Amino acid sequence: MSSELGAHSHLFHRDDYGKKMGMWLFLFTEVLLFGGLFIVYAVYRFKNHEAFHEGSSELNVIVGALNTVILLTSSLTVALSITAIQLGNRKKAIDLIMITIALAFAFLVNKYFEWNLKYEHGLFPGMEHYKQLSRGESQFFNLYFFMTGLHAVHIIVGGIFLLVVAQGIKKGTINQGNYIYLENAGLYWHLVDVIWIYLFPLFYLII
Amino acid sequence: MSEEHSTHVVSYKFNIIIWLDLLIFTLITIEIAQFDLLALTVIVALIVASIKTFLVGSYFMHLKFENQFLQRTVVGVALLFVAVLILLFSDYLV
Chain A
196 MSSELGAHSH
206 LFHRDDYGKK
216 MGMWLFLFTE
226 VLLFGGLFIV
236 YAVYRFKNHE
246 AFHEGSSELN
256 VIVGALNTVI
266 LLTSSLTVAL
276 SITAIQLGNR
286 KKAIDLIMIT
296 IALAFAFLVN
306 KYFEWNLKYE
316 HGLFPGMEHY
326 KQLSRGESQF
336 FNLYFFMTGL
346 HAVHIIVGGI
356 FLLVVAQGIK
366 KGTINQGNYI
376 YLENAGLYWH
386 LVDVIWIYLF
396 PLFYLII
Chain B
489 MSEEHSTHVV
499 SYKFNIIIWL
509 DLLIFTLITI
519 EIAQFDLLAL
529 TVIVALIVAS
539 IKTFLVGSYF
549 MHLKFENQFL
559 QRTVVGVALL
569 FVAVLILLFS
579 DYLV
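In order, the protein sequences belong to chains A and B. Reminder that position 170 of the first sequence reads as 365 in our numbering, one-by-one numbering, no gaps. Reminder that position 1 of the second sequence reads as 489 in our numbering, one-by-one numbering, no gaps.
Hint data in this document are derived by calculation from the structure and do not stem from the laboratory. Some hints could be false.
As the list claims (entries may be wrong) - In silico lysine-lysine, BS3-like type, Cα no more than 30 Å apart, as pairs:
(1) Lys242(A) - Lys501(B)
(2) Lys552(B) - Lys286(A)
(3) Lys287(A) - Lys501(B)
(4) Lys214(A) - Lys552(B)
(5) Lys501(B) - Lys286(A)
(6) Lys215(A) - Lys287(A)
(7) Lys214(A) - Lys326(A)
Since we're looking at a predicted model, the values are computed, not measured.
Assemble the whole structure, with the sequences as input and the hints as a guide.
Laid out in structure tokens, this is it:
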């Protein structure tokens, strides 16, 4: 047991396994949330194959690939920060979390420019050009904006979660003997990464 | 209390190797998408994405070092979703 827990630690029941299980149960509901959307995607795509191909060609593969690399790298830095805290290196853990948050920000900036370009082309729900799209293409862009938008919200939430954890490490409440909150923030972050792993080929790489 | 933690430490180096694998698989997805394999294109993309998910889940999310109950629950949820997809397409494709 680590000394940071203090003399009173035996008075409190700490259940790290329960906390981790709780996080996983929450992740399952996230899988079902996005899973439902992926099912809608599968059906619409099956019915409008050509339109989805047309819609996909409007998206920039390089920007999508760049965001994939950014997210994979941010997943690495979170994983490394857990290794750092396990080895007792708190400063390194905080630095790695801050790099992760910077990468999350870079992802969102990329996304902003991407959406902005669509907006300038009139390809945003409710705009003139958008209304002239075929039914299949508007289904593609509805799903594109909704799914990447919902994903971006998760990036923001995950970033805030990580920032709170970084504060905890700084204060010492999260440390080598008690780092379940860092693990849970990491689990959430990796799930957001996994969702993007599927979003990228399904929206950007359609033949 | 330490026994409540999964104490397995994944080394810095091993994490970086997993990251490199993930980058290679990303490159493979992009390259394969250049070829028109008809219906296979989606299948291949999903298989590569699932390999990447397996790597992230096993090592970054430490599932490989968790207890069996958690591992089986995660696999169960994944299979549930795959079953829903199969049932969906058994309806559409036939």
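| query | Given the hint that Lys214(A) pairs with Lys326(A), does the C-alpha gap stay at or below 30 Å? | reply | 47 Å, violated
| Are the Cα atoms of Lys287(A) and Lys501(B) separated by 30 Å or less? | 15 Å, holds
| message | What's the verdict on Lys501(B) and Lys286(A), does the C-alpha distance respect the 30 Å limit or exceed it? | response | 19 Å, holds
| request: Compare the distance between the alpha carbons of Lys242(A) and Lys501(B) with 30 Å, and conclude whether the hinted pair is satisfied. | output: 46 Å, violated
| task | Could you grab the alpha-carbon distance between Lys215(A) and Lys287(A) and see if it respects the 30 Å cut-off? | result | 23 Å, holds
| Lys552(B) paired with Lys286(A) [C-alpha distance capped at 30 Å] | Distance ~27 Å between Lys552(B) and Lys286(A) Cα, so the pair holds.
| request: With a cut-off of 30 Å on the C-alpha distance, tell me whether Lys214(A) and Lys552(B) pass. | output: 18 Å, holds
Hint check: violations occur at hints 1 and 7; the rest are consistent with the structure.
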